[in-house]
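Student: Here are the chains, one letter per residue:
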Amino acid sequence: MQPLRDVAVVAFAHTGHLRTADELSEVEMLMPVLHEVLDRTGLKTADIDFTCSGSCDYLAGRAFSFTLALDGVGAWPPISESHVEMDGAWALYEAWTKILTGDADTALVYSYGKSSPGSVRDVLTRQLDPYYVAPLWPDSVALAALQAQALIDTGATDEPALAAVAARSRNSETNTAAQQDYVVRPLRTGDCPPVGDGAAAVVLAAGDRARDLCARPAWIRGIDHRIEAHGLGVRDLTDSPSARLAAEKAGAFERPVDTAELHAPFSSQEVVLRKALRLDDDVRINPSGGALAANPVMAAGLIRIGEAAARIHRGESDRALAHATSGPCLQQNLVAVLEGDPR
Amino acid sequence: MPEVLKAPLVVEFPFTRSLGPVQSAFLTGLRERVVLGVKTGDGRVLVPPVEYDPVTAEEIRDLGSFVEVAPTGTVTTWAWNHAPRRGQPLSTPFAWVLVRLDGADTALLHALDAPGPDAVHTGMRVRIRWADERTGAITDIACFEPYDGDRAEPAGHTGEFENPVTGIVAPARLDYTYTPGRAQSAYIHALGDRRIVGERCPSCRKVYVPPRGACPTCGLATSEQVEVGPRGTVTTFCIVNIKAKNLDIEVPYVYAHIALDGADLALHGRIGGIPYDRVRMGLRVEPVWTEGSRHPDHYRPTGEPDADYETYKELL
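Sequence order for the protein chains is A and B. Each residue of the first sequence is one higher than the last, beginning at 1 in our numbering. Each residue of the second sequence is one higher than the last, beginning at 344 in our numbering.
Worth double-checking, as some hints may not be accurate.
[To be verified] From the structure, some residues in chain A lie toward chain B, with a derived Cβ separation under 8 Å:
hint: 1; residue: Leu4
hint: 2; residue: Asp22
hint: 3; residue: Asp71
hint: 4; residue: Gly72
hint: 5; residue: Val73
hint: 6; residue: Ala75
hint: 7; residue: Asp122
hint: 8; residue: Asp139
hint: 9; residue: Tyr182
hint: 10; residue: Trp219
hint: 11; residue: Gly231
[As the list claims (entries may be wrong)] Facing chain A, from chain B, some residues (calculated, C-beta under 7 Å):
hint: 12; residue: Val347
hint: 13; residue: Val354
hint: 14; residue: Asn424
hint: 15; residue: Leu441
hint: 16; residue: Leu451
hint: 17; residue: Thr478
hint: 18; residue: Ile481
hint: 19; residue: Thr520
hint: 20; residue: Gly524
hint: 21; residue: Ala557
hint: 22; residue: Pro559
hint: 23; residue: Gly562
hint: 24; residue: Trp632
Hints are computed from structural coordinates only; laboratory data are not their basis. No residue lacks a Cβ here, since even glycine has one placed at the ideal position from N, Cα and C.
For reference, chain A alone in the conformation it holds in the complex (with noise of 0.2 Å):
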């Protein structure tokens, strides 16, 4: 189905890869990315009808990190405004949506996250089942070693294929990776995101208005985002059927893409998504180097699709898939399809 109205992301900044920002609050290390990407379109906060953000408290463990952030934005006079607990590339949902009712013309997309203040693997047990689950603290890399056995057990992978998604990933050995220690088994170091802090933002913006304030502009053809029980038990952690009916929903197969952002934070989480995305060799996959190279929470999602659209303006592709994931073991999954105008 073609969306209501022509919706393109026109800017994309992000702060890079940052072990730690402790000499910076949230809003510090966010409002520089702001301004970037403003200043890419030449508009002002004024100019822009919606603003939306993601981001988490319990990251940083700081109550209402949110509304502190906001104060790098410019929320005077009163802004239209809106923020989700989740990651940013859900925030761009809300406002792609708040463009299509025409409620808007252009949208502000940001999401940051500190996880060097807290334990990050600790943290993200509190997101899971508080009955039956989270009194265990099984951390988030134990619970993607479990799908990771899971996916060796089916033949599908085995240690030395995760090593050379992660080689790959950040441009090194594979070798090297498949000599690091293990931190659960089967995922060794180099199978798990790096722990960092980061921020990112995005300009959408509709029609014409997008034509005039980028070259390229890398049309949104779809979004979709679906979601899998919460028990880890129930769901086959070897597939994704909630990453491929988001990808047909978005209309990621009805032609072959060249490129695609894929969030996955764990080596064996690729395996998975490119199985379930239909992604053959000809595709790219993460030619920014995705999660594995950096994986700023709540941003790393706003960051694929950052991405994806940027190789779109840079005319380095043409149809590309954008994937967010939030939840563990690629419980949610949202993906979109961004394509640039023909050449």
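Given chain A's structure and the hints, the job is docking chain B onto it.
Tutor: Quick look at chain B alone, frame taken from chain A:
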């Protein structure tokens, strides 16, 4: 640039959660060393049981749908955890496992006590090791252990118990290293010298105290540091009549918004050195520092004439 300030921050809370009928029966069952599943409309047995069918969303709360399953089962996947973390079921290295108990169609997450990763494989047989003290919680299962005996036969429990548990208390603790960021660090450093230093917006020229690094009106970084006060004006106030826990201040007392001279934003503080019922808008005050304190303990009257309303009405 001054050193980055850091301090430990512990966020800790006991979540008290009420249980629905399905969770109550399951967790009460664990207390009694009985494992219950629920049967869905299409005949699958879900363990751990849930209140809604994860495939059809059909409500499952009819007591007749409970099915007792065996305390023995099969590992469907595993992961070796050589470095257990706080709160996890075992403090010695163990395997995380998903176990499909005999009689169930879905798997339960828990720990498996095994001597090492070579002793664990998918498909291995395990059984529940019960905790000595059981309260009606998932931790009533201490862990799983390897098992090579026969499949245990469940007794066919109906799910009705004496004194069912109706809630759980789940303690949660997360440890952080708090860092206040550039602007607030500078503010805190200045407080160490008993100076109150705000920051000015380069566009609207407003001075924010305490500074947070950004002008919320303009969306720009503040950077020019401006010392304000120490004297200021009470712009508005309230009288606190309820004693706060762990706060050694006699009630009633006055908590006020105070616009320090030179600041464009009021901060708040307690007013002392004057009866609570004589505090008023426009009262001129100054900070009182106590020995070893990192911030003003309270503000007291300076004795100056009250400020004219026109001078602070924009700061209300």
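Student: All hints are to be evaluated individually against the structure, with a verdict given for each.
Tutor: Each hint, compared with the structure:
1. Leu4: 29 Å, violated
2. Asp22: For A:Asp22, the interface hint holds, since the closest Cβ of chain B sits about 4 Å away, which is under 8 Å.
3. Asp71: Holds, because the Cβ-Cβ distance from A:Asp71 to chain B comes to roughly 4 Å (cut-off 8 Å).
4. Gly72: 5 Å, holds
5. Val73: Given a least distance of 5 Å, the restraint on A:Val73 holds.
6. Ala75: Holds, about 6 Å.
7. Asp122: Interface hint status for A:Asp122: holds (6 Å vs cutoff 8 Å).
8. Asp139: 6 Å, holds
9. Tyr182: OK, holds: A:Tyr182 within 8 Å of chain B, min 7 Å.
10. Trp219: Interface hint status for A:Trp219: violated (28 Å vs cutoff 8 Å).
11. Gly231: 6 Å, holds
12. Val347: 5 Å, holds
13. Val354: OK, holds: B:Val354 within 7 Å of chain A, min 5 Å.
14. Asn424: 5 Å, holds
15. Leu441: 5 Å, holds
16. Leu451: 6 Å, holds
17. Thr478: 11 Å, violated
18. Ile481: Holds. Min distance 5 Å.
19. Thr520: It holds, given that the least Cβ distance between B:Thr520 and chain A is near 5 Å, below 7 Å.
20. Gly524: 3 Å, holds
21. Ala557: 4 Å, holds
22. Pro559: Status holds, d = 4 Å.
23. Gly562: Holds, about 2 Å.
24. Trp632: 26 Å, violated
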